[in-house]
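Protein chains in written order, with our numbering: chain A, 1 to 265; chain B, 1 to 332; chain C, 1 to 261.
If you're looking for bench data, these hints aren't it; they were derived computationally from the structure. You may find that some hints are simply not true.
List time: in silico DSS-like cross-link candidates among lysine-lysine, alpha-carbon distance up to 25 Å [unchecked claim]:
1) B:Lys139 x B:Lys123
2) B:Lys192 x C:Lys172
3) B:Lys176 x B:Lys139
4) B:Lys192 x B:Lys244
5) C:Lys172 x B:Lys120
6) B:Lys192 x B:Lys139
7) B:Lys35 x B:Lys75
8) B:Lys134 x B:Lys123
9) B:Lys176 x B:Lys120
10) B:Lys75 x C:Lys172
11) B:Lys35 x C:Lys172
12) B:Lys251 x B:Lys269
Restraint-style ranges between C-beta atoms, simulated for each label pair [said to hold, decoys possible]:
13) B:Glu148 x C:Tyr22: 15 to 25 Å
14) C:Ser255 x B:Glu148: 34 to 44 Å
15) C:Val208 x B:Ala135: 48 to 58 Å
16) A:Ala236 x C:Arg225: 48 to 58 Å
17) B:Gly85 x C:Phe180: 54 to 64 Å
Treat the numbers as computed from the prediction; the structure is a model and nothing was measured. Every residue, glycine too, gets a C-beta built ideally from N, C-alpha and C.
Here is how the chains run, residue by residue.
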Amino acid sequence: MSHPLAVDRALAIISLKRRLAYKTNWVFAIVLGGGAMLSGLALWRNLLGEGTLGGYDWDSMRAYMIIGFFTATLAFGGADWAIADRILDGLIAVDLTKPVDFQRARAAEFVGSMISTVPTAVVGTVAAWLLFSPPPPVSPLAGALTLLSVLLIFPLAFEITYLSVLVCFWTRRYLGVMWAREAVLGFFSGLMIPLALMPVPLQILAWCLPFPHFTTTPSHIYLGRVDTLGALGLIAAEIGWVVLMWFGGRLVFGHAVKKVTVHGG
Amino acid sequence: MPILEARSLSKRFRRPDKDSGFKGAMKHLVQRRYKNFTAVDAVDLEIEPGESVAYVGPNGAGKSTTVKLLTGILKPTEGTVRVMGRDPHTERIANAHDIGVLFGQRTQLWWDLPVEESLKLLKHMYGVSEADYKARIEKFDELLGLGEFMPALARTLSLGQRMRADLACALLHAPKMVYLDEPTIGLDISVKDRLRAFLRRLVEDGTTLLLTSHDLADIEEVCDRIVVIDEGRIAYDGPIERLKAHYITTKAVNLVLEGPADTAALAEKFPHYEWSPGEAPTEVVVTYESARFTTAEVLGEVTAHLRPRDLSLSEPSIEDVIRRLYAGELSR
Amino acid sequence: MRHAAGVYTRSLAAHFRSMVEYPADFWVMASSGALWQALQFAFIAILFANVSAVAGWNYHEMLVLIGFLSLTGAATAVFWDGVWSIGSMVVKGDIDYRITRPAPVIVQVASAHVGMQAFGELTLGTVMLVYGWLGAGLSPSLIPVALLLLACGIVIETALLTALCAINFWIKGGMSIFAFLMIDLQENVMRFPLGIYPAAVRVAATFVVPLAFASFIPAQILTGRVSEWWLIGPPIAAAATVGIATLVVRAGLRSYDSAGH
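Same shape as in the complex, but just chain A (with noise of 0.2 Å):
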């Protein structure tokens, strides 16, 4: 089952201009997650003065904050309710008549809507870079390398939202693998507390999981935590988690199409 790439920048776009035509979420989607930043950027300002705390000190704490909250606009502003909906209500079978790869069609959709909300996670960053000033990257070559870890970032947000909706193949109900989704999200890339904070054996157990790579890699590159070198690795890794989970999707799906009970109909 392969379809050309045509299909594939065909239901992205449609996917984008269904996200743009709600005008609405783009001011949603900036309060909302600038909330969380603001709060957390009044936190840390009062945590951390003229200190530091696992290496960060208020400059560079900005900086990561800022990041996270770019990052986690882009992840979490995917269209994942339509693919969880397509699954629910059994929609699943006709797409599976149809001759496209569902994995790389929902895919496509989800890039496309991802995609929509670069625009607010934009606006959103550069007020928050205005209203702060975070010092720049510690240099050209890192600020590049962070942009490529955060491009990485499209196809793992895809492909972990994949994964947790494919779980309503048993579950039958989204709210719930979806709240879970976010807030393991949420916790082990970072975008709480850093990574750095945690103690050890909670550090491994995140880097032996996808996750830090949303806040954490592009973070480290950008704060210059890591030398070109280290960068260059996080982003193997990250290239690594992608591979693996695109084919770890194709592996679940599988098996859940051998059971599925299409919900209804």
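Could you slot chains B and C onto chain A? The hints should help.
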């Protein structure tokens, strides 16, 4: 003493008059313009206890709005409504005890609960005694087959099951006045039959019924009076039989001939009938005034001269009349 | 009034019974709620492994604050979760049936759904509160006060949520953006002692949207940070928010014109 009295009932809505799209929305922010839209225009309606009234009209005619005014969901812009002496809007809760409502497009079942639980909650809400409740559930089971899906969650029901359950909900407290808005929409024929039989029983037992439906078979089988509304105004109000007798003056026979039908030639040969092409090239429809000719006469003449291979009689139906009423072809 | 209470409790009870009969949904939702709370707990624990106080609040006092917050939020989701669907009910015309039934509309709507994730939140929220209480050395004589404050907090949150969801009577849409914003405010801002925020935020969270009276001020009272005179605050805020919510809901129902089919 009428159970329902509406006098000069009117409802006007104010809708924002704006262009579509973003520019339109922006313009509307600065310059607010509104259009007045009259959904119901000076409707007079009187229903006696025990009547079963059909309320018909084309889409957008004001049927649903009228029902919402009568049930107290909307407040009239002008005019009055009295149901059993009460204003259904201002005396909402007192009125609610005496009416039953079914909106075909929506459900009043609790979504996350089994049907049985929904009915029990309504039992308490309406203050139905345990004995009455048991008796009525049994009756619903007998007539609607409710028992088979009582323990099922509302969200797992098929449309037919859901409609039957909603009907039970509407009638659980044995209301004297029942409003049914599209109760058979989307149902298959066996469920429709069952529902109609049930409603006929209801009317026989003395319940007053107001029914809106696009399915005119519903109306012919259940109601004896028909009110037609068009563009917010009543176009006809009277017994169904009178409507048919008044407006249905013709009957028709569908003929299947041996060869292609030449409508023009037939019209020349038999000018006292009206001839129109049928569905296939060999088919033709002959329409005749039922006052002037009996069916036997027509059949005799036609079969003798044309020797049709097959024929069928079309029953006079109110659908035709309604269609013509909607199209404004008939005067009030 | 008593009839309304009966309608409410029966509906809620029916939902609880249904949860027991169909436990799969319940466990998924409750577990995800518990997971959130567990991670919140972990967050605080990790934070205080690195610092000793946040704006003068120590570890156990923070747990009292967050526990209080969790309990009020969870109770709202258990006892009044139906209000979230006001928006979609207005759009789909489902309010019609509630008007034709002999019970207050808002009671029917609010009791039509139970947020099962709250059961997970309730358990861990209680754990945090109790753990913090004991660790902070709060006296048992404060328990009645705490219960009163908790009740007020629940009422305040419920009333504010209702008023914000009721805005959907005018601004048509499935989800109430303002209600979402309030929950977001609750979760991000009210988690921490208001001392870390600029004055404008403190004022807004206390007097504009009186969420502070639901969690922060009670925590302040219990940890002895403010004088007992502040005890008047939460009940007054509760009464005021209920008044506002009632007005908004009534106005909303008056303006309801059952658009759509």
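To see whether the hints hold, each was checked on the structure:
1. B:Lys139 x B:Lys123: holds (15 Å)
2. B:Lys192 x C:Lys172: The given pair, whose Cα atoms are some 35 Å apart, is violated under the 25 Å limit.
3. B:Lys176 x B:Lys139: The given pair, whose Cα atoms are some 17 Å apart, holds under the 25 Å limit.
4. B:Lys192 x B:Lys244: With a Cα-Cα distance of about 23 Å, the restraint between Lys192 (chain B) and Lys244 (chain B) holds, given a limit of 25 Å.
5. C:Lys172 x B:Lys120: violated (32 Å)
6. B:Lys192 x B:Lys139: holds (18 Å)
7. B:Lys35 x B:Lys75: It holds: about 19 Å lies between the C-alpha atoms, which stays within 25 Å.
8. B:Lys134 x B:Lys123: The given pair, whose Cα atoms are some 10 Å apart, holds under the 25 Å limit.
9. B:Lys176 x B:Lys120: holds (20 Å)
10. B:Lys75 x C:Lys172: Answer holds: Lys75 (chain B) to Lys172 (chain C) is near 20 Å, not above 25 Å.
11. B:Lys35 x C:Lys172: holds (19 Å)
12. B:Lys251 x B:Lys269: Cα-Cα ~19 Å, so holds.
13. B:Glu148 x C:Tyr22: 15 to 25 Å: Because 19 Å falls inside the window, the suggested range holds.
14. C:Ser255 x B:Glu148: 34 to 44 Å: Holds: the Cβ-Cβ distance is about 42 Å, inside 34 to 44 Å.
15. C:Val208 x B:Ala135: 48 to 58 Å: holds (56 Å)
16. A:Ala236 x C:Arg225: 48 to 58 Å: holds (51 Å)
17. B:Gly85 x C:Phe180: 54 to 64 Å: Violated: the Cβ-Cβ distance is about 46 Å, outside 54 to 64 Å.
In the structure shown, a violation is registered for the earlier hints numbered 2, 5 and 17, in ascending order.
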